[in-house]
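S.K.: Here's the letter readout for the chains.
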Amino acid sequence: MSAPIPYAEAVAEFEPVIGMEVHVELGTESKIFCGCPTAFGAPPNTQVCPVCLGLPGSMPVMNAMAIESTIRIGLALNCSIAEWCRMARKNYFYPDMPKDYQVSQYDEPLCVDGYLDVTVPTDDGPMVVRVGIERVHLEEDTGKLTHAGGATGRIHGADYSLVDYNRAGIPLVEIVTKPVTGTGALAPEVARAYVTELRDIMRGLGVSDVKMEEGSLRCDANVSLNLPGAEWGTRSETKNVNSLRSVERAVRSEIERQAGVLKSGGRVVQETRHFHEDTGVTTPGRSKEHAEDYRYFPEPDLVPIAPAREWVEELRRGLPEQPSVHRARLAQAWGIGDFEMATLVNAGVLELVEASVAAGVAPDAARKWWAGEFTRIANESGVEPASLAVTPADIARVEELIASGALNDKLARQVFEGVIAGEGTPDEVVAARGLAVVSDDGALLSAIDEALAAQPDVAEKIRGGKVQAAGAIVGAVMKATRGQADAGKVRELLLERLGVSDS
Amino acid sequence: MSAITRAEVAHLARLARLDLAEDELDHYAEQLDVILTSVARVSEVAADDIPPTSHPVPLVNVTRPDEARPGLPRADALAAAPAVEDDRFRVPRILEEEE
Amino acid sequence: MSTPLERDLIRQSAATLAEAIAEGEVSAREVTQAHLDRIAEVDGDVHAFLHVDAEGALATADAVDASRAAGDALGPLAGVPLALKDILAMKGVPTTCGSKILEGWRPPYDATVVERLRAAGIPILGKTNMDEFAMGSSTEHSAYGPTRNPWDLDRIPGGSGGGSAAAIASFEAPLAIGTDTGGSIRQPAAVTGTVGVKPTYGGVSRYGLVALASSLDQAGPCTRTVMDAALLHAVIGGHDPRDSTSIPDPMPDVVAAAARADVRGMRIGLVRELTGEGYQAGVEQRFREAVEILEHLGAEVVEVSCPHFEYALGAYYLILPSECSSNLARFDGMRYGLRVGDDGNASVEEVMSLTREAGFGPEVKRRIMLGTYALYSGYYDAYYGQAQKVRTLIQRDFEAAFAQCDVLVSPTAPTTAFRIGEKVDDPLAMYLNDVATIPVNMAGNCAMSLPVGLAPEDGLPVGLQVMAPPMADDRLYLVGGALEGALRDRWGHLLIEEVPSL
Chain A
1 MSAPIPYAEA VAEFEPVIGM EVHVELGTES KIFCGCPTAF GAPPNTQVCP
51 VCLGLPGSMP VMNAMAIEST IRIGLALNCS IAEWCRMARK NYFYPDMPKD
101 YQVSQYDEPL CVDGYLDVTV PTDDGPMVVR VGIERVHLEE DTGKLTHAGG
151 ATGRIHGADY SLVDYNRAGI PLVEIVTKPV TGTGALAPEV ARAYVTELRD
201 IMRGLGVSDV KMEEGSLRCD ANVSLNLPGA EWGTRSETKN VNSLRSVERA
251 VRSEIERQAG VLKSGGRVVQ ETRHFHEDTG VTTPGRSKEH AEDYRYFPEP
301 DLVPIAPARE WVEELRRGLP EQPSVHRARL AQAWGIGDFE MATLVNAGVL
351 ELVEASVAAG VAPDAARKWW AGEFTRIANE SGVEPASLAV TPADIARVEE
401 LIASGALNDK LARQVFEGVI AGEGTPDEVV AARGLAVVSD DGALLSAIDE
451 ALAAQPDVAE KIRGGKVQAA GAIVGAVMKA TRGQADAGKV RELLLERLGV
501 SDS
Chain B
1 MSAITRAEVA HLARLARLDL AEDELDHYAE QLDVILTSVA RVSEVAADDI
51 PPTSHPVPLV NVTRPDEARP GLPRADALAA APAVEDDRFR VPRILEEEE
Chain C
1 MSTPLERDLI RQSAATLAEA IAEGEVSARE VTQAHLDRIA EVDGDVHAFL
51 HVDAEGALAT ADAVDASRAA GDALGPLAGV PLALKDILAM KGVPTTCGSK
101 ILEGWRPPYD ATVVERLRAA GIPILGKTNM DEFAMGSSTE HSAYGPTRNP
151 WDLDRIPGGS GGGSAAAIAS FEAPLAIGTD TGGSIRQPAA VTGTVGVKPT
201 YGGVSRYGLV ALASSLDQAG PCTRTVMDAA LLHAVIGGHD PRDSTSIPDP
251 MPDVVAAAAR ADVRGMRIGL VRELTGEGYQ AGVEQRFREA VEILEHLGAE
301 VVEVSCPHFE YALGAYYLIL PSECSSNLAR FDGMRYGLRV GDDGNASVEE
351 VMSLTREAGF GPEVKRRIML GTYALYSGYY DAYYGQAQKV RTLIQRDFEA
401 AFAQCDVLVS PTAPTTAFRI GEKVDDPLAM YLNDVATIPV NMAGNCAMSL
451 PVGLAPEDGL PVGLQVMAPP MADDRLYLVG GALEGALRDR WGHLLIEEVP
501 SL
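Residue numbers (the working numbering), protein chains in the order written: chain A, 1 to 503; chain B, 1 to 99; chain C, 1 to 502.
The shape of chain A in the complex, shown without the other chains (with noise of 0.2 Å):
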């Protein structure tokens, strides 16, 4: 086996193409074809009917809803719209699956031929990338599998497995880029770009909660390489690729260990490959060279789909603004530029400052702990921002703690890390913690004077008019009060001491 070769050579020799398929679960309150809840993390099997479960005798009704949000996630798309296609059923045989076909959608799917731009911040300033949307279709998903003995908890090794059918029949919206090229090095932040963006839109159609790390946006990344001028080279598919960040990460690894590959005259299998996120590299999974027949055809148990096409035009007009349009507009009333929102992107916090200035923070403010603060806590603990147990309910406590002097910037953080760490909310921080700003002028005068009686000189110099030296007092005094102290309070009671005046 050839060991990867560093990111710069790789894609200094090799031409990476891009494929993403982005699985989404809809967010509907039935499944697809009966009317079992969809709610995340229900007791196993107690979602489930004889439609679901796939019993003999029953039969699918499709979910008008599920229809329309792939039409309306289509037209986002700048996808056409078939105007009759039909539902096939994939057959292939496997526990998770209670029909052992599924039913989806094959040569006819129900939205055809878009586009997304993204946007990628270069060194250059922004890049706009036009990805080909080859198809949208419709289908039902599966359920849930753990495996159980063995020492790994994963398929291989296991003894048995066990079946929870909550998930099978919950909608599911598969949408597939064309190949993207021409990316070159940059192709692993025009895939996270372009998830993120998909992300984006289905939040803002409304039609699924798009949390990677329960499920309901999946994504697999096909990538190839070769040379300037080649042909293109055959393509791996990864799997499980759960957050925006692995996204990225799995793509890099893949064109190292790839081009890695081509270096030492190798050859790329056609393979699934899964992505560790411990280790940040794809393992091999099953072999695609043998690809299994999967016997489509159409669904006689449902009932072709013909849009009408004043129905589609009537979805197209009550489209949300696109997130682009959207981010234009935001940036102008922010008061920033493109790169500053390009960076809030790209950090995957725009939607979380998007909310924190909705319940009240200041824009500058919500960026600053959003792009700063918080970025660099889900960084280092390798999580995304998001998934931080921070509401925008929390910050704007903070910020009017900040604006009232209970609190200074320090102090803040402080408590941000308390929140963050399931402490409670911030005020039960502040008290568990004991992080007010220290404002009784008592308290306040006694550290003063005791500072005053430490450093003798020092007073002499202020009573002689050297204001300028009262900050060695003041940092005495934040010093003695753990910096619980407002400094702008300190230095106004010392000079009131003192009998000097400021100015």
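There may be inaccurate statements among the hints.
From the structure, some residues in chain B lie toward chain C, with a derived Cβ separation under 8 Å [unchecked claim]:
id	residue
1	5
2	6
3	19
4	28
5	31
6	51
7	60
8	66
9	70
10	74
Pairwise CB distance ranges, derived in the manner of DEER restraints [as the list claims (entries may be wrong)]:
id	chain 1	residue 1	chain 2	residue 2	range
11	A	230	B	6	40 to 46 Å
12	C	8	B	10	54 to 60 Å
13	C	425	B	40	21 to 27 Å
14	C	425	B	6	19 to 25 Å
15	A	281	B	10	37 to 43 Å
16	A	179	B	38	44 to 50 Å
Calculated from the structure, these hints are not laboratory results. What you are looking at is a predicted structure, and each value in this text was computed from that prediction instead of being measured. Every residue, glycine too, gets a C-beta built ideally from N, C-alpha and C.
Add chains B and C to chain A, keeping to what the hints say.
M.R.: Just chains B and C now, kept in the frame of chain A:
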């Protein structure tokens, strides 16, 4: 359309999850061939300009409103299962990965 | 002096029994018990039932009697017991589809047909035998042993719904439900001297009907009289939102049509391709005589050609196996039914394969293999795709014929009942039994088989098939009712009354 081979029958049996015995493979190779030869006449008549009929009734757009209803009590859902553990269907170990 | 009713409850029509129950001449419990007694008496020979639910049937009968006592209005078939083909899900009652793979499975839900039967106060006596997953024309492919034809216990009762037809013909039940994918209601009706109707596709809900071929399957009534079939058809038919292929339009008034029983002024088409070679002489003879009667009754009879019907059988044996190979995939031993070979070491793939190998019979495996092959990507266009085009051609043949005629007629089956064992190892010979019934399933039309006499050479029943356009099921009853009435006038009784006593 050539005669169906024993190897093809074995492949079909694997796809269809039928653990056919050796003599069954021979038997089905022969019978499928006879049946397929007889039904192959369908290709005589169906010209390119004939649209296929997948559904006998010309209905389209049959949907239901997106409303949740309770399904089966879990005990009923699991009642017929050959093996159950932790309120889940227990199945033998899986060697092949999901598609 | 006793009335005929009191002499023999089991020999009455469902309509007569319903009226007697409504009038209080007899209780629903007495009627149900009489049929349960009959089953106990003769089913050892006939083997029409796989499971008898005496308790459930009597409970329904008692509820009907209580309703009547309370002065509630009763439905038109309230209290008249019924035999249900074992392919319809019935909550808590074993549903096997004639297969070992489902042995012991008790569905946690009711099929829509069953719900409607329950709502109509119809006691369900039990589940009837059938070819495994409805694949067959003789009921010999049941994993639980064959059903026998009450006219001659050495002969087949037709299939796949041989159990339902035999239950009717042996007076074990006045009503039964069958399902018809390529003739499984009509062919058994023909060979047992009973009436069977395949409603328009989408006319009766398929929800809860274990699918053989989803685009062909349809449940319908099996009875001894045309009026009984109409009454049962009206109970089970009509739109069901749980079946996406269910027709939303109101169904035609089949009961009124059966009562009118009039063919005056109707144009009846004789399908040239569904006679002649391959049809038994006595079958042809009785068929021709019946057509003459229809002419006498005031119908105009013309000959029509449906040139693509000769391809129907071939296309059917591509479409049906294709759909069934997919529909039957779910029987994999994971969630219900049989599981074989789970020794803690075997993989899921091995257990599925061992289970299906052990749980399915030879005809089921044959068709699954055939369908897997026909859907295989390299052959899809040549087989499945072409078969779907033939389907279009058959629909066009029907459209052209119905532009000239109100209904079409043919013999229902090419022969009378054959001997058990005669064709069981010859799939092609077995498939030919459905040559006249298959075109209707392919096109989604409706059709009825009714008895028109005994073939002179073997003394066994012959059936005539009436075919009508989609959603013109009432025409079946106009023709069937008129012909049945004329034959009864000629013979002085129904043909079924000539069945030997068991």
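S.K.: Hints broken by the structure, by number, lowest first?
M.R.: Result: hints 1, 2, 7, 8, 9, 10 break, sorted rising.
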